[in-house]
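Chemist: Quick note, the sequences are listed as chains G and Z, same order. Residue numbering for the first sequence follows this note's numbering, beginning at 1 and increasing consecutively. Residue numbering for the second sequence follows this note's numbering, beginning at 783 and increasing consecutively.
Simulated from the structure, these hints should not be mistaken for lab results. Here the structure is a predicted model, which means the values were calculated and not measured. Just to be clear, a hint being listed does not mean it is correct.
Facing chain G, according to a computed beta carbon distance under 10 Å, are these residues of chain Z, among others [stated by the list, open to error]:
1. F788
2. C820
3. C822
4. E853
5. L857
6. P899
7. V909
8. Y920
9. K921
10. G932
Between beta-carbon pairs, the in silico distance windows are [unchecked claim]:
11. Z:D811 with G:T647: 44 to 50 Å
12. G:R606 with Z:P801: 38 to 44 Å
13. G:D73 with Z:E848: 39 to 45 Å
Built from N, CA and C at the ideal position, the CB exists for glycine as well.
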Amino acid sequence: MSDYKYIGKPVVRIDGKEKVSGAAIFTDDIDFGANLLHAHIICSTEAHALIKSIDTSEALKVKDVVNIFTGKDFPFKFGLYMKDRYVLAQEKVRFVGEQVVAVVARTPQAARKAAKLVKIEYEPLPAVFNQLDAMKDDAVLLHPDLDKYPHVPWFFPQEKTNIAHWRKTRKGDMEKAFAEADIVLEDTYYVPRYAHCALETHVAIAKYDYSGRLTVWSSSQSPHTQRNLFAEALSSLGLTHKDVRVIAPHVGGGFGGKAGVTMEIIPAAIATKLPGYAVKLRWSREQEFMNTYQRLGLVAKIKMGAKKDGTITAIDHKIYWDAGAYVEYGANVVNAVGLSAIGPYRIPNVSIDSICIYTNLPPGGPYRGFGYSEFIFGLESHVNRIANKLNIDPVDFRRINAIKEGDTTAYGAEMNPSGLHQAIDEVAKAIEWDKNRESKDPKKAIGKGFAIFWKAPAMPPNASSSAFLKFNEDGSINLLISGMDIGQGYQTVMAQIAAEVLGVPPSKIRVENPDTDRNPYEWQTVASHVTWGCGNAVKKAAIDARDQIFALIERVYHLSQDSLYLEDEAVKCHTKKDFYLPLKDFVINGIMTEDGTFKGGPINARGVFMPEFSSTKGDPETSQGGHPNVHYTVGAGALILEIDKETGKMRVLKAAEAIDAGKAINPDLVKGQITGGLLQGLATVLYEDMRFDKGGKMLNPNFSDYKIPTSMDVPDEIIPIIIEVPQPDGPYGARGIGEHTMLPAAPMIANALEDALGIRIKSMPITAEKVALTLLDKEKEK
Amino acid sequence: MKEITFILNNEKRSVQVEPSETLLEVLRDKMGLKSPKCGCDRGDCGACVVLLNGKSVRSCLVLAIETAGMEIMTLEGISAKNLNALQEAFIAFNSFQCGYCAPGIIITVTELLTKNPKPDLEEIKEVLSGNLCRCTGYKPIFDAILDVTGKEVK
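Next comes chain G alone, as it looks inside the complex (with noise of 0.2 Å):
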């Protein structure tokens, strides 16, 4: 494959010079001058109450305030797979946080100021802050009218409780393969909540022009699925798909937080209350926490058999989700886990169920990893006890276990090519797994940790994706997509596709962030999908675009077009070597020939993407037929972990983690993936601990208080692999690797506690006092 030219190779991000030079505009730095109006929202104190009253009056006399809205001006519920959201609250609140009531002033300081003297009267409710209080039968309704909800066809809402949404996967006799195991272990594991914590807040800004469009300035993971659901959201006003533009400047971190719409609804909807105004809306850091997705928690209650030859033959896995108050996006990561929770395992009996649950706590929605970091922390540690209690390594007992090409997965599709097996190969041996290591400080010990992931893109079967591609009067292109380069590298990847196909570097391809007026459909930045759907789409253009090419040439030079080539920004012949037509020679102003007529015209090219074969229409008892995913992204990761056995502190010494990128198209940037990922998700079991009151209000919605990794908290070596198993339908064999990278995370560090210090932790975060503590509970114990 040493042939491609620009393909697996480490090509500068096209993006650099912007943002290192500063030049990179993002939605907050963009200026709308002396129109600009700004909401200020007030948020609900409580966590479950009645609206009785609202009173605006005072506020609405301080100087500058233009208006003030709340629930009633806009009567409409939103959602991407379940509509069960307000854009303001509506008679009822359901979580500390929520928006209420929407100031708008010229300035925030009015607005800021007009807020606080709204008055606003709480009828309070009993509230569930707690999943599995939720699902008592005498359990308050959150949604006593979630029968009615509009919502996608794979999920399964039960009326009259608070459980919006169940996946049930089942397969195999799960009876005889419990009788017929050596050993079962059966435990129960804790996840919390986790916030995405992306550098930049969400921002938006609206704005309703007196000739009826609207045009949102969003910061966000998903232009076009935004447009969709405002023009959705606002239809009640006349308002069409062809009425409604998002622009989407650069983006400063995503992580999911930015997927779907959330906050951005406001805006949009106030804009059309106040025509010719643009109406700007910024979260607070602490709103940013209080009200945006959070990662759902969850309680996940495992029985898994095995044989004494370590073979696994059945899974029984339990997976109780706090969804938070809304989940018109939640309820599809518990969807996805619901029919993937078997991990990258190879068990004939399965049964899973993968229970969504409001409580009064914020919405859950969409984060790096999409429901699989969760689960593979109770399920990594889950396998490792299993191996120990069998005496077998636990590297070879994932050896024994882990799924192969062919294979059946949970829900009875075949698993895709897959570099399992070479990534736990590669790991033990970078990590040095066999070596033993003992700390030479009496004070601390040191354990090895060990887990493998695996992750499949959660989308709908029809989540498309699609590219124009146009050449320039230099030969250079400008290539319209509208996935986001949320600081993954998007763009340069997607410039690396097209050049390798047409023969111009990457350097002469500019890519713009997205504007839904100009650049064509794609589904969202989310799943990890881009890379493999965008890329897919974005080769196809650059293919349209050298036929257009070369059918021209045969044309005016009658040569066939088998035998010519793109090479150098220039068209070459195999079979006549001196022929050599450079583009930029002809793609605007095409050819003249002998008579001095020309022929052709710009070169403008197209590509659409959609899985085909992708389908939804499982059996809703047991998942059974359909192909709900369409691949799965596999690896393996391994660490050294020294722990001071006074403080609980610990030190990553070192970590491997493997990948199987299909085809890495740029290396470095896969790296790159691997290197922040991994810390992301060491943050979630070292550090990062959300803290929520009694009445179910944030106590730490700040980086004072809710930490999340310094320069000073990372590992001191990592060693990220790349493995390259090609995907038959991957662009030159790519598939996505963004979330999984922080994927085996926590239990490597849950695995590596009990290789050092003998103590099983089943609840996240594993911070230093909680390993301080149980270390200290051990020593009383004895």
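Place chain Z on chain G using the hints.
Modeler: Only chain Z this time, still in chain G's reference frame:
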């Protein structure tokens, strides 16, 4: 409102400010300089770091009115001519992903390298500990700094 004058990116500039306005607000909203970013508005994240009389400060914690007569440098001022070696190294080592933290980090490192052109890894980590980056895992940032100071990158 009070008029203040300062040297901003090597130019003498005057501006009307409210006593309550932060330097970050004035730079972004009144001077049109957008490289300092607001990530937390309470000094935790470092995205708004600028140089004030050559020292790095969190511009969200400085009142603009206090900066009268001082020299202020933002990333725009550093980038005015060509990208410098540090910025080139940030590109070469993919030391940013989303890029939101990059201006604050480059300013912080600029101050470090002025004081100590050959910092070791521990010093680099210490100096950067007030600049949060959620994307890169920091290692690529260390690598760029080590490389630009002539140290071997492992």
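Chemist: Are D811 of chain Z and T647 of chain G spaced within 44 to 50 Å by their CB atoms?
Modeler: Roughly 45 Å apart at Cβ, these two residues keep to the hinted range, so it holds.
Chemist: Less than 10 Å between beta-carbons is the criterion; does Y920 of chain Z satisfy it with respect to chain G?
Modeler: With a minimum Cβ separation of about 5 Å from chain G (threshold 10 Å), the hint on Y920 of chain Z holds.
Chemist: Let's test the interface hint: is any C-beta of chain G closer than 10 Å to that of F788 of chain Z?
Modeler: 19 Å, violated
Chemist: Taking the closest Cβ pair, is E853 of chain Z under 10 Å from chain G?
Modeler: Given a least distance of 18 Å, the restraint on E853 of chain Z is violated.
Chemist: Taking the least C-beta to C-beta distance, is C822 of chain Z closer than 10 Å to chain G?
Modeler: The hint holds - C822 of chain Z has a Cβ within 10 Å of chain G, the shortest such distance being about 4 Å.
Chemist: If you take the shortest Cβ to Cβ gap from G932 of chain Z to chain G, is it below 10 Å?
Modeler: 20 Å, violated
Chemist: Quick one: are R606 of chain G and P801 of chain Z within 38 to 44 Å, going by C-beta?
Modeler: 56 Å, violated
Chemist: Closer than 10 Å between Cβ atoms is the bar; does C820 of chain Z clear it against chain G? Give me holds or violated.
Modeler: This interface hint holds because 7 Å falls under the 10 Å limit.
Chemist: Does P899 of chain Z meet its interface restraint, that is, does its C-beta lie within less than 10 Å of any C-beta in chain G?
Modeler: With Cβ-Cβ at 19 Å, over 10 Å, it is violated.
Chemist: Starting from the range 39 to 45 Å, see whether the pair D73 of chain G and E848 of chain Z falls in it by beta-carbon distance.
Modeler: 42 Å, holds
Chemist: Mind checking the CB of K921 of chain Z against every CB in chain G and telling me if the closest is under 10 Å?
Modeler: 5 Å, holds
Chemist: Min Cβ distance, V909 of chain Z to chain G: is it shorter than 10 Å?
Modeler: 8 Å, holds
Comparing the model with each earlier hint shows violations of hints 1, 4, 6, 10, 12; every other hint is respected.
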